[in-house]
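Participant: Sequence:
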Amino acid sequence: MSDIGLPAPTEGTDPPQHEALDDIVSPPADGSEGSGELPTSLALPALKVDIKAEVQDFHFPPLTNGLDFLVSAVESLAAEDGPAPRELKYAVVHLQIAAEILFKVRLEMHDPALVWTKPQTFDKAKHNAGDFKSCGIEMALKRLGEDVGIESGIDAKDPGLKALGDLRNRIVHFGHQDTAIAVQTRTVPVLDLLVGFISADVLPHVETPADSWAAEQQMEKVRAQLKHLTDFVAHRRESIRDQLDGHERSTVACRSCGQYAVVLDGGAIDLECLFCGKTYGTGVDAAWEYIGESQHVTIKDGGDDLAQCTSCADAAVVEVRTVSSPDIAVFICFGCGSEHEGICTHCGCAGYLTWTDMCENCHEIRFDAF
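Going by this note's numbering, the first residue of the sequence shown is number 1, and it counts up by one from there.
Each hint should be verified, as a subset may be incorrect.
Claimed, not checked - Pairs of lysine-lysine, PhoX-like flavour, derived with a Cα cap of 20 Å: (1) Lys142 <-> Lys162; (2) Lys89 <-> Lys157; (3) Lys118 <-> Lys142; (4) Lys142 <-> Lys157; (5) Lys300 <-> Lys278; (6) Lys300 <-> Lys89.
None of these hints come from the bench; they were simulated from the model. Being a predicted model, the structure only gives us computed values, none of them experimental.
Input sequences plus hints: build the corresponding full structure.
Facilitator: This is how it looks when you write it as structure tokens:
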């Protein structure tokens, strides 16, 4: 690094020796005031900065803003070499924001007051300034169905939206650990839902041709990237099909990716989702995770253990949906995959119930007592 402002030494000569800075700027010995300025040889050169950058104004009207968040999310999710962890984090957050904005965009197209938490307090000036409290996703969807009558008919309690919202909340408010495949897969149902909603309920109501054209260009990016994601999911499911075939009665949905790919057969020590790779530990560990509770805390606080399986003796029987029973929950043991009719209220074991709430063993014991 060169010494700024110091004259370069001439080749073959010693560099000039300078006095201490305090001596240079101190008053002269003869008592005269002096200038107190640095000699020309030590003065720093004046910096000349010539910036010629054109800065564009910040302008994101509601529709453009929502679509921009959507494009950002899908581009990160469908990265060619796979999204990095940081990209996945922001993809989830941006997708959730995109959904909320776009639902409100359609409300505003119908009646701006519907965007407000309390429509009866609507004020145009405050609305244009963004000085108001807007409704959330669930309320927006309810109003889209009841007041607007959207064609896509999205359920306000859509499971895909709820799963994405829960994932976003864990990331934003605390942090989260999961497999990349699980996070990507969770976003696909919401992306598919938003593409259908925008195509059927938003784009046909855009007022100007220029805005419509710009929105369509953004949607082309979304559709192209979404196809990569859906193809990825389809390919992944096809690659594990042989491992799933024949286990429909004992295969449950993964809590991370939502795919029916956790096979409970065989009493595995380390249960794993065949689709995304999430591990659950033992059947007992998995059963407690599926009901969202801690075995240690529950029993310490005086609660009951899970129902015991009469086939393998593991206390790991819970009520869940399986591939063969996607609409009605069944009692199944996470330790061995055995399906049970119910849980006996007398002994707490799972098995075949001869009466409404009593297993065969308890019924025989009670019958023998008479």
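Participant: Look at each hint and say if it fits the structure.
Facilitator: Hint check:
no., hint, result
1, Lys142 <-> Lys162, "14 Å, holds"
2, Lys89 <-> Lys157, "23 Å, violated"
3, Lys118 <-> Lys142, "14 Å, holds"
4, Lys142 <-> Lys157, "9 Å, holds"
5, Lys300 <-> Lys278, "28 Å, violated"
6, Lys300 <-> Lys89, "35 Å, violated"
Hints 2, 5 and 6 from the list above are not met by this structure, while the remaining hints are.
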